[in-house]
Structure formats: C-alpha cells, structure tokens
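Fit the two chains together into the complex; they arrive one by one in their own frames, and the hints show the way.
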Amino acid sequence: MNDGKEELDELREAVREFLAAKSPQSAVRAAMETEQRHDPAVWDQMARQLRLPGLALPSDYGGDGFGLTELEVVLEEMGAALLCSPFFATVVLAAQALLASADEAACARYLPGIAAGQTIATLAAAEGNASWDPALVTARAERSARGWALSGKKSFVIDGAIADLMLVVARTIAGPSLFAVDRGAPGLRAEPMTTLDPTRAMAALTLDQVPAVLIGAEGQGGRLMSRVLDLACVALAAEQAGGARRCLEMSAGYARTRFQFGRPIGSFQAVKHKCADMLVRVELAEATAREAARLADEAAAEFGVAAATAHICCSQAYLFAAAENIQVHGGIGFTWEHPAHLYFRRAKSSELLFGGPAVYHERLLDRLGI
Amino acid sequence: MTDEMGEFTRQAREFLDAHAARAQRAQFRWGEGDDRVTYFGADPPEVEERKLRAAREWQRTRYENGFGWISGPPEYGGRGLTPVHELVYDGIESEYDVPDTGTLSVIGLGMIGPTILVHGQQPVKDRYLPAMYRGDVIACQLFSEPEAGSDLASLQTRAVASGEHWILDGQKVWTSVAQHSQIGMALCRTDPDAPKHKGITAFLVDMSAPGVEVRPLRQMSGGCDFNEVFLSGVRVPDDHRLGEVNGGWRVALTTLMNERATVGSEGSGPVAEALSPERLSALMRATWTWDDRALRRDLSELLADMTATGHLNRRAFRQMQAGVAPGPEMSVAKLMYAQNLTRSAHFVSRVLGPRIIADTGEWGTYAWAELLLATPALRILGGTEEIMKNILAERVLGLPKEPGIDAVSPFRELPKSGAGGAS
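Protein chains in written order, with the numbering used here: chain A, 1323 to 1692; chain B, 5 to 427.
With the rest of the complex left out, here is chain B (with noise of 0.2 Å):
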C-alpha cells in the first residue's frame, strides 16, 4: 500500500471512529433474533420511511466529512480521488455500524451522479450534483420498458422538441426507488426513422412535474420493490438533456458501465449472513439432517462455490488496489453471485422439506419462503444470465455476434412483439 493510501485509510478510521461505533457481529444462536430472510427490503412504510430518512443523514455526514463522493471533482463536493479509494472505504466502512445507503447510492449516487458529470450540461450539474452527494436528491434510472428488457435500444417511450422543452410520452418500467426520487433519468426515441442505436436520447426528469405517475409493482415475491412509471406529455427543460441529441446510448453505456461495477462488488451483508456455514449447519441441527449424507454433499458443492466466489472477489479487489485493471471478475463474480444464492435458497428448502410450504409458527423456517421466492429474480436484473454470457463471450473470449442483428434498418421498419410478425 503507497503512503498516500495510508494517509487516506487513517483519515478514513479517524472519521468513522468519531462518527459511527463499530459493527458488533452477534453471536448467533439458533431460535433467537430476527429469522426473516429477505433479498428484496419491503419494509413497513413506517419503517422504510425511518430507514431512508437514517441514509440520508449519514449521506450528509459522509458528504460534510469528505466522504460523500470520494472519487467526484472538488468544484461539486467530491474529494478528487480514485474509484480505488472509494472501494477502499466501503471496505473499511463495512467494518462500522452505519445505515445502509442503497436507496441514495446503488442507483443515483453509483450509476447516474457519474453520468451527469460526463454528459450534463452545466446548469443541471452544478444544481443536481452537489444536492445528490449531500443526500438531498434522490436519483432513479427511467431504462427498462415493457418492450424493451435485454434489448433496451428498442426502447419506444418517445420524446419530442417543442421550443426550449422536450415533451416526453411512454412507459418505464422495474424502476427501483422511483417512489422516492427527486430526478430520474430517462432514455427516450428522438429519432424513429435512425436506427435503434442512433435515434435515443437521454434526459433528467424531474420526477415531481405534471405527468410523471409512479405505480408500485407487486413482483412475484410479494412485496413492492420496483415501479412502473408513466409518463404523459411530460415537460423537460433542453437544458436537463444528457449528451448529444440522438446521442443517448452512448450515455446510457456510461451509466451501465458503472452498474457492474456496483453489482459486483455484493455478497455482504444479511443474506450472506444467513447463508453462512455456521448458520447453514445449525439449520440441519435443528431439524434434524445433520448427517442426511445427499444434504451433506448438496452443502459442500454450495459452501465451495460461495467460498470461490469470494476468493474470486478478494483476489480482484487486491489486483484492483495494486493498480492492475480487473479482467472478467466482476461479471463473473455477479453470475456466480445470482447462482448460489438460488442454489441455496433451494438447499435450504430441501432441508426444511413442508415446512417451507406452509408455516409451522417455528422460528427459521418459513422465514425462508421470502428468498426462495426472491431468487428467480437475480438471474434476470442488472442483466440477464443470457446476456452476460453473451458478453462474456464476445469481450472475453471473443467469439462473433450473433449475424442477424438489425442494427441498420430505421428503428421503425424493425419487427416487434406483438406486431403479427410471428403469425
């Protein structure tokens, strides 16, 4: 580690010390504590409400202390250091008790606070950026559409100059945090007659003008974790566009870019906790499969793959503090990471046998039904499993596209679902 790392990783300590205690990790005895385990929040409102109001706080704290956006340009409140640094104190930050940010920072403060400093213009990033890193300014991402999931070019919500403004008219869709968002940024048609690629812009929204409605998705687990968001004559401002007209994927290729970068990087916190070998061992205690030798066997492949992923982690966060640039890691890391929590969502419910099936009223059992039914989405979000092999693929190992792919035809010509193309 350099001097100048060291110097950093003190001020780190001295800040956390002064404003956090350290993260006591309860000793875990079977039959005692919280038993949910969940994957997606659907808190309580009341709850949820405490929750983000404790995040935003300690965004300030963080933002006051110079820890707020380590890696942003001073002019807008950040310290001016390196992506390295920055994982560097979520490292040791995960050592503290603090409240969990996700709400601010997977999203907005991760994914869209670097693409306004890339493509914003200046207005809008010396109004946005600041208030975002101090906790006031929640940021959501307006991509995904009902039309438009792995193929998100195909996006169809349109937006159409008038004068100063853009009006905007679709709908958006698995918008995480909308309900709690001040900005989200969206990727609109500008251009039907380009090709899919050519004809999108990107725009901030502000979420509280007249025609944007928020509506909560009920997924398939049963809480409200995502939105649907409509959008209908919406106004924006020129001045709040992202990049070049008709420029907006390569906006939107900055903003994903930074997605995997934060995906990756999962694998702390409850879940993993609750699947950790001392946890999962104690579970076959109680009910009484300790030595189920098929179990048995089920544990270890699932205990390995976990404990790989995690050396996988760990030795590509070492490279990355060294100065060395990760190779496929992270999206390796992300595949893997969606695979053995299913694996063991379905290890667990076979140790439990009915008592996942309907609720016995004993602690840590039925508990689980809420992962289980959480699962399915991990091998779909942040890109589906398909996907990422493709990328794999084709960036690693650089196999062909696949031929066929219209990415020169007008966006309109191109066939779409529904269209009787398949008759």
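Isolated chain A, as found in the complex (with noise of 0.2 Å):
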C-alpha cells in the first residue's frame, strides 16, 4: 500500500515535470490557436518518454497493464495544466470502447496504435441533440455485399477533426452497434467545431455511405456505452480534480500576495471562507475520483455508484472553483491574458460534455437502484 504510493507520486511528479516543460500557459494559448488544437510533437514524446498513451492499456496490446488508478494520476496533472491533446479522446474514450467492445481481433488492430502513441483516435457517439445515449442514436448503419456502411450525422466529436480512426455508434437492425471508420474514408467529413472550451477540440461529422467495420457484436452498444461512459465520467473527474486544485493554489496564492486596505486580502474573512470553500470541494472532487478509479481497478459492486458520485462532485467543484478563482482575482481575473477564464471555459464544458446535471443526477440514482 505504501509502496503503492509512492510509485503513485513518483508518476505523478515525472508527469508534472514534463507538462510545467511541454505544456506552460504560452504553449497551451500557441495550441489552442492552431487548427490541430494540440502540439503533435508533446503527443510524440509523451508516448516515447512517458509512454502515457499505453500505461493503462493491457500489455497483450502493447500497453504497460496498469490500471485507471495510474491513469487518473497522468489525468489529473494534465487537467491542472489544461494540456489541449488527443489523450483524453484516444486513450479514454477510444481505448475504453475498443476494450469495452470485447472484440480481441479489433483491439489487437487498434490498441498497439494508440499505446504507441501512433495513432489518435476518438468515439463519436453523441449527435445534434447532444446526448450520449445510445437509445437516441439516428445514425444508420446498413449491410450489403461489400461490407457496413454508414451514414448520419455526429456532433461533439472530441478531437473529431484530427483523428485517425473514429469509433461510430450507429444504429443497425439489432440496435445501437459500434463500427471503426478510417479518416479519409469515402463519404466522411469532419468539421471543426467552435468550442467555449478552446482547449479542448470537438468536431462534427457528416457519414454518407461510410465503409466501416463493425467492432463487437451488433445491437451491443447500449451496455458497451454504459460502461464506457462510467470510465469516462471517472476520466473527466480526474482532469476536473486536477483543474480545481489549480484554480485552488491560484487563488490562495493570490489571496497571500495581493494587498487592498494595507494588507493581504486573503487576511478578509469573506475571502479567506471563500479559498476555504473551495478547500473542502476540491478535496471532496479528489477522494471521490481517485476512489472511483481504485473501485474500477478492484472491479467493485460499487464502482457505479462511484463513477456517477465522482462525475457530480468533480464537475460541481470544478466550476465553483473556477468561477470563485475568478472573483478572488477580481478584475485581473477577467482579462483575456489571464488563465482564469481558460479554467472557467474548461470546467463548464466538462459539466456538460455527458449531458450535466440534466443527465448525471438521474444516472446517480439509477446506479443506487432508486
């Protein structure tokens, strides 16, 4: 257990050296800026140094078989530096599909690609009416003799526009199913999205008779969804936990140094309750996604109750702590050159990028049987 530990805080200080290098706030505005939305050659190293994109894919694919545990460590750091890369797209929510889909011959295709860093991939599961629910999906899939083709339409496609294979939910006679399409595939376009959150790309896509694989059993995509989404609700809670800690250290650092009326504002109890506020949430946002990500890795009865635990605390702390790093700032905290609006931006869209509160509330109590 102990040992546990610092191997934990060994990875986590290896990842944080690296991304106070790679991923400063000038290089997250340079990659925010570009039509990419990332730096190829941090996604490069991050695979080749680090070996990220396979820590927690299993070795039999080319991955180091270490658990969300280790995953939601990297998550974290990179939620605290707001690194705009394909990670999150590939490795979580591309990978977690592959492996969800139990399809071996598609996994042994795919996932020596993404541990190595060679190639990004994303799932496409929501459409125009935002849900990520495979009972809404519109998206046709249709057999003939030369194999599945798709057609429909898909919005939020998270670094839709940059990736080299794209996991589809679409809907086949059997139900919602889940197929892998090349990028520069016949009939497929991808067109960027504008995001409130500048760090973080997503796409829409247009299918029209687009060859396809399918990946897992037809009609399977309503229970490999589910699960998916509960790893990636525990994925976002840990970059949210990583994103409130910094909006935390910014504003208690703030509160120290910035002096009104002849002495630290953080001396103000208004403020001072306010840094403490955050405090509480920030800590509660952590304990709930790194016990979710260790439920996970135990394979636990509870890890669903976890999950959708984890998904409400971390996506209610992180906005208040982006939007309270802001006040505690006051006017410095509203400029554009200022990084608290980039947190801001960040966090509303991790509340909203499964559906927010609308969506996560009735998930908890469905996971708690009531």
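It cannot be assumed that every hint is accurate.
Looking from chain B toward chain A, a few residues come up when the C-beta cut is under 7 Å (computed) [said to hold, decoys possible]:
| hint | residue |
| --- | --- |
| 1 | Ile171 |
| 2 | Leu418 |
| 3 | Ser421 |
A few chain B positions that, by computed beta-carbon distances, are all more than 12 Å from chain A [what the hints assert, rightly or not]:
| hint | residue |
| --- | --- |
| 4 | His23 |
| 5 | Trp34 |
| 6 | Arg54 |
| 7 | Arg57 |
| 8 | Tyr100 |
| 9 | Glu151 |
| 10 | Gln175 |
| 11 | Gly226 |
| 12 | Leu303 |
| 13 | Leu339 |
| 14 | Pro380 |
| 15 | Ala381 |
| 16 | Ser413 |
| 17 | Lys420 |
Quick caveat, the hints were computed from the structure, so don't treat them as lab data. All residues carry an ideal CB built from backbone N, CA and C; glycine is no exception.
Given below as structure tokens:
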C-alpha cells in the first residue's frame, strides 16, 4: 500500500515535470490557436519518453498494464495544466470503447497503435441533440455485399477533426452498435466546431455511406456505452479534480500576496472562507475521483455509484473553483491574458460534456437503484 | 497490512467473538420498528441509566481483555500500541452488537485521558487513568463559558491560589455528560494581567466537591443533552493542576487536538442508517413524491455529497493504516458531515411537507422533527463552521491571520461583551 503510494507520487512528479516544460500557459495558448489544437511534437514525446498512452492498456496490446488508478494521476496533472491533447479522446474514450467491446481482433488491430502514440482515435456517439444515450442514436449502419456503410451525423466528437480512427455508434436492425471508421474514408466529412473551451477540440461529422467495420457484436452498443461512460466520467473527474486544485492554488497564492486596504486580501474572512470552501470542494472531488478509479481497478460492485458520484462532485467542484477563482482575482481575473477564464471554460464544458446535471443526477439515482 | 497488525486484528476478533454477537442489520421495512430519528440522545432517565450501566460494563470488559486503552502506556493499564490500532479496533468492533460507550469515551477517554497522561502530575495519573479506562470514572470538559465560545482563551472562570489549594469561581456551559461525571477538566483564569493565552491554568475538578453545581441545559430541540456547571468557591488541590501555572492553553490544545480525531470519524450509527439511500427512497415512495423531479434532483445532490464524504473518510483511514499522516481530510469531513446532515433533514422535511409541522400519527413522518431541530447544533459544536474555515484557510492554504486580534494586552484590559464597548 505504501509502495503503491510512492509509485503514484513518482508518476505524478514525472508527469508534472513534463507538463511544466511542455505545456506551460504560453504553450496552451499557442496550441489552442492552431488548427489541430494540440502540439504533435508533445504528443509524440508523451508516448516515447513517458509511454503515457499505453500506461493503462493491457500488455497484450502493447500497453504497460497499469490501471485506472495510475491513469487518474496522469489525467489530474493534464487537467491542472490544461494540456491541449487528443489524450482523453484516444486513451479514454476510444481505447475503453474497444476494450469494452471485447472484440479481440479489433483490440489487436487498433490498441497497439494507440499505446505507441501512433494512432489518434476518438468516439463519435452524440448527435445534434447532444445526448450520449445510445438509445437516441439515429445514425444508421447498413450491410451490403461490400460490408457495412454508415450514414448520419455526429456532433461533439472530441478531436474528431484530427483522429485517425473514429469509433462510431450507429443503429442496425439489432440496435445501437459500434463501428470503426478510418480517417479519409469516402463519404466522411469532419468539420471543427466552435467551442466554448478552446483547449478541447470538437468536430461535427457527416457520414454518407461511409465504409465501416463492426466492432464487437451487433446491438451491443447500449451495454458498451454504459461501461464506457462510467469510465469516461471517472477519467473526466480526474481532469476536473486536477483543474479545480490548480484554481484553488492560484486563488490561495493570490490571496496571500495581493494587498488592498494595507493587508493581504486573504486575511479578510470573506476571501479566506471562499478559499476554505474551495478547499473543501477540491478535497471531496479528489477523493471521489481517486476512489472511483480504485474501485474500477478492483472491479467492485459499487463502481457504478462511485463513478456517478465522482462525475457530479468533480463537475460541481471544478465549476465552483473556477468561478470563485475569478472572483478572488477581481478585475485581473476577467482579462483575456489571465488564465482564469481558460479554467472557467474547461470547467463549464466538462460539466456539460456528457449531458450535465440534467442527466447525471438521474444516473446516480439509477446506479443506486432508486 | 503488516504481520503485527494482522495478529492484532486476529486477537480483536477473537475477543469480540467471545464477548459479543455480530451486528444484524435488520431488513428495513417501511412502517416497522422504531421510527425515531435523533442526533442527541435524550432518553427517559431509566433508559439512560440502563444504557450507562451497560456502557460501563462493556468498557470494563474491553479493559480486562486489553482493548480498553489500546494506545495507552502499560503502566496505566494501556496496551502500548498506536492510535492506528485504535482506529482498526473501532472498525472491527462496529461489526458487532455492543453497547454504545460514547458517554465515557468521546470526551473522557478520547480527549481528557490523553491530556492527563501528557500534563498530569503523578498522583492524578495513578488515581484516575486506570479508573477511567476501566469504566469507573467518567470525565467531562469544563471549557466553554457564556462569554467564551469560539474565543475560548477569553474565559473568565477564576482560580486563586490558597496554600496547597486553588479556589475556583465561575460558570461553564455546554458541558456534555457533566451529570454522569466524577471529574471535570476546567480551564481557569489565573493571571488576568497576562495576555489572554498566557494567564490560563488547567485543573482536574472533583465533580462531587462542595460548590460544584450541575444544571441541565435545555436545548432548542427540547432535550437536555448539555449542562451548565457553576463553580462557587470550589477547592482543588494543587496536585490536580494539569501542566504549569499559566500554561493551561497548551494543555487545552492537547485536549482539542484529540477532539478533532474523534469528531471526524462520525458518519455511522442510527442517523446514518436513517439517511441511507434505501431509507430515503422508501420515504419518497411512502409519500408519493417518488417521481417529483425537483426532489429527485435534491436527493441526488445530497447522496453524491454523502457518498463523497464517505469516500474522503475511507481514503484518510486507509492512508493512516499505511502510516501516512492525514492531511486536512478529517476537518473537511467534519464540515461536510454537519452540512450533509442539515441538508438531509431539510430534504426530508420537503418530502414530508405539512406532515412535519403537525403530527398525523403516521409512522416515520413527524418523527423526523427531532433531527430537524437538532441540526443547527452541528454547525456550531466542536468548533463553529466559521472557525473551522479559518483554520483550514490558515493552516492548509497558508492565508494570513486576521490582523488586529489582540494577543498582547493584559486580559483585564480587553473589551468584553456588554461592557459598553459597542455603544
């Protein structure tokens, strides 16, 4: 147990150092202005130097076989640094969808490329109505002599404009199913969407008779998406917890050094209590994200409840911390130059990415059997 | 887990298997069993008496089998192990159906025993420590006063030296278990000309001494779970002094440090059970509010925070077991526990609607009024929410203290309530 903690601390330190060097605020701002919305050189180094994309993938598929507990640490640091990267889409959404499909051939075909950082991948599930509920998918898959072909539209596809591999949820006669589509496939168009959060790229896909490969069994999409969303919520929670912690650090640091009325503003209880409230929320957020990851690794029965809890608590904590961080900073926090708004944007977009409070509260009650 | 801890765990189970039955968590059915939901005890006197007797007996059984004072030194009947062993034992014991020993343990064994051990003089340690942990002597904490709440160091109860004795005069308030206690730890002003933290001395008071009067204090929820304690010319021998003369603030900090470790571990027991997801959903079904969207949203927010607090506690506990010092988790858990319970009571009241403002006689409805009326205490007792936040912000985040708090002037010269300072 103790050894485990030391290893996690070492991993955190390595990732933190890497991100401090490769993704300082200036790099985040540069990346978010580019068309690709990330720095391919950093993506490459992340794979070669730190082996991060393969960290939590099974060793059978070229990964290092660690669990969500380790991945969680990496995602916390990425969230704190606001790293612009296809990491979440590739390693969390796409790789977990492949694993959840239990399609060994597909895993063997795609996961080694993901683990090595050679394949950028994503999951296209939501459509114009913004729902990730596979029951509401309208994109269709039809089988002919030449194989499967997909038609329809997808939205909110994270890093969809740069992905080499797109896993698309589409409907067959058997129900929602998962398909693989390669970049450049005929009939596929990916348009970048204008996003509230410039550090997380999204695209809208138009599919017109696009050739595709069925992943797993037909009609399996409902169960698969439920599993993937649980894991994605926990991974997102890690990013959110990391971002919230960074907002708290920024606020506390500023409150210690900013003088008004001849004293540090952090000596005023109104500001002090605001920071304490942020601390409370951040501590809770971290605990839920880490505990959910641990329960996932143990395949514990309470994982579903823990995942839903982490998603709610981390969404609330991040939004709260990001908003209060601007308030603690006052006017300077409202400027474009100050990073506070980037965290606010990320916090809001993360809260609502998978449907937000309108969806996640019922999800928790469902997981509790209420 | 280490081999040593494994052996300790085995011994604890062996002891408990021999002396207690496994707790049976009764299957909950709406309308069956006791529907009382209460935070404070407030039992009828004969029930309270019976429970106290059982608690003392169980503490004696623990003591005789080496589990009465797990972290205490052997020369006073302790087992010489660590506070982590204590936590581990508590975790195991909670799986068994044993008497609640809170009356003895929360204040006396949890806070005052460790204080006597560090600051007590030899005769007092010999006389009281084994007796306390054997269940014979119950201790209370005579700290708060009407004029010293959050600012405990502004206390005014006086102690004046008289030969080999001290004479105590003053009033203490919010004293839990004083009515059952044989001894009380009192903080007194011994030098009003010193700055407020530097003129306080701590004493161990015999609660049966002449001049000690315990009066029940009726709280807003209707029961009497606290007391006022009046000290009028109470004689205390000098060997009952804890720590140095005018060194009482340090002694008090020892006591309060142990308080935090105790309070943070709440979160199980009958109240927690009443607020479990299954109970709350049963309540919504019984009141036909099952599909009320606003209430469902409230319920989810509440359950998310309660689950999160549980996870925070669990992680802190696991860290301590692994030998890692806990961070701010316990203070955060305490704040959240108070908020969660308060929000729960209000959530339930919204589910019940008018059924909690007048008793219809229906099972499991008006019974919630007791908890509702207890919750305002939770954000005050054991350190108000505001003080807790100051501590978190100053100690964890390193924010500067409030300027202008006078820790230098003689206590005598500090402005006091009702003295015309705010005319």
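If you check each hint against the structure, which ones fail?
-> 1, 2, 3, 12, 13
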